[in-house]
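Engineer: Below are the chains, spelled out letter by letter.
2 protein chains.
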Amino acid sequence: MAEERVVYVGNKPVMNYVLAVLTQFNEGASEVVIKARGKAISRAVDVAEIVRNRFMPNVDVKDIKIDTEELVSEGRSVNVSTIEIVLVKKE
Amino acid sequence: MAEERVVYVGNKPVMNYVLAVLTQFNEGASEVVIKARGKAISRAVDVAEIVRNRFMPNVDVKDIKIDTEELVSEGRSVNVSTIEIVLVKKE
Chain D
1 MAEERVVYVG NKPVMNYVLA VLTQFNEGAS EVVIKARGKA ISRAVDVAEI VRNRFMPNVD
61 VKDIKIDTEE LVSEGRSVNV STIEIVLVKK E
Chain L
1 MAEERVVYVG NKPVMNYVLA VLTQFNEGAS EVVIKARGKA ISRAVDVAEI VRNRFMPNVD
61 VKDIKIDTEE LVSEGRSVNV STIEIVLVKK E
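First to last, the sequence lines map onto chains D and L.
The opening position of the first sequence corresponds to residue 1 in my numbering, with each subsequent residue numbered one higher.
The opening position of the second sequence corresponds to residue 1 in my numbering, with each subsequent residue numbered one higher.
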């Protein structure tokens with residue numbers, strides 16, 4: 001099952017998301033996409049860096065994309081930045 | 001003077017950095033690199049997105065890199081994530 005899996009990063013402690021990424025790779029994913037928006041973007045970068053540097057040196061950053069999402073909150077629209085970090089396991 | 005300029009994003013309001021990037025492009029830079037670390041990473045992404053979407057539709061994200069820096073603080077070393085977003089002006 002070499003499909004792509006997604007881990008959404010929010011406001012929990014960073015190691016929760018690191019563990020989620022490691023679990024995906026250990027279950028056979030060849031790529032894991034880390035997604036976050038707003039203030040959680042910094043934490044998403046931390047997750048990618050900790051996975052690569054501390055746990056899986058055979059994982060590389062394949063691609064990073066940033067974008068803007070329009071959220072509607074109480075009738076007003078607010079723009080929120082998003083990030084997608086694609087991690088790939090080297091064979 | 002089509003050289004590369006750098007804007008370091010910190011804790012000031014996001015529009016300060018947007019203005020800094022716009023100024024660099026208006027002074028003739030062909031590329032502007034937005035750099036940040038730690039919690040300012042989210043703001044750096046906001047800066048890139050606001051420049052592109054609201055002020056300069058002819059500017060593209062050319063490359064995004066993430067990395068880790070080791071800071072020594074009171075004798076202890078702390079790892080901090082960093083981001084570099086390269087914006088380029090299309091001709």
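Just so you know, these hints were derived from the structure itself, not from any lab.
Among the hints, erroneous ones may be present.
What the hints assert, rightly or not - Chain L side only, calculated, beta carbon under 7 Å to chain D, not exhaustive: (1) Asp-60; (2) Lys-62; (3) Thr-68; (4) Val-72; (5) Val-78; (6) Ser-81; (7) Val-86; (8) Val-88; (9) Glu-91.
As the list claims (entries may be wrong) - Away from chain D, derived, C-beta distances all over 10 Å, residues of chain L: (10) Tyr-8; (11) Lys-35; (12) Asn-53; (13) Lys-65; (14) Ser-73; (15) Ile-83; (16) Lys-90.
By construction, the Cβ of each residue, glycine as well, lies at the ideal position given by its N, Cα and C atoms.
Engineer: Let me make sure I understand: some of the numbered hints might not hold for this structure. Which ones are they, in numerical order?
Structural biologist: 1, 2, 4, 5, 7, 8, 9, 12, 13 and 15
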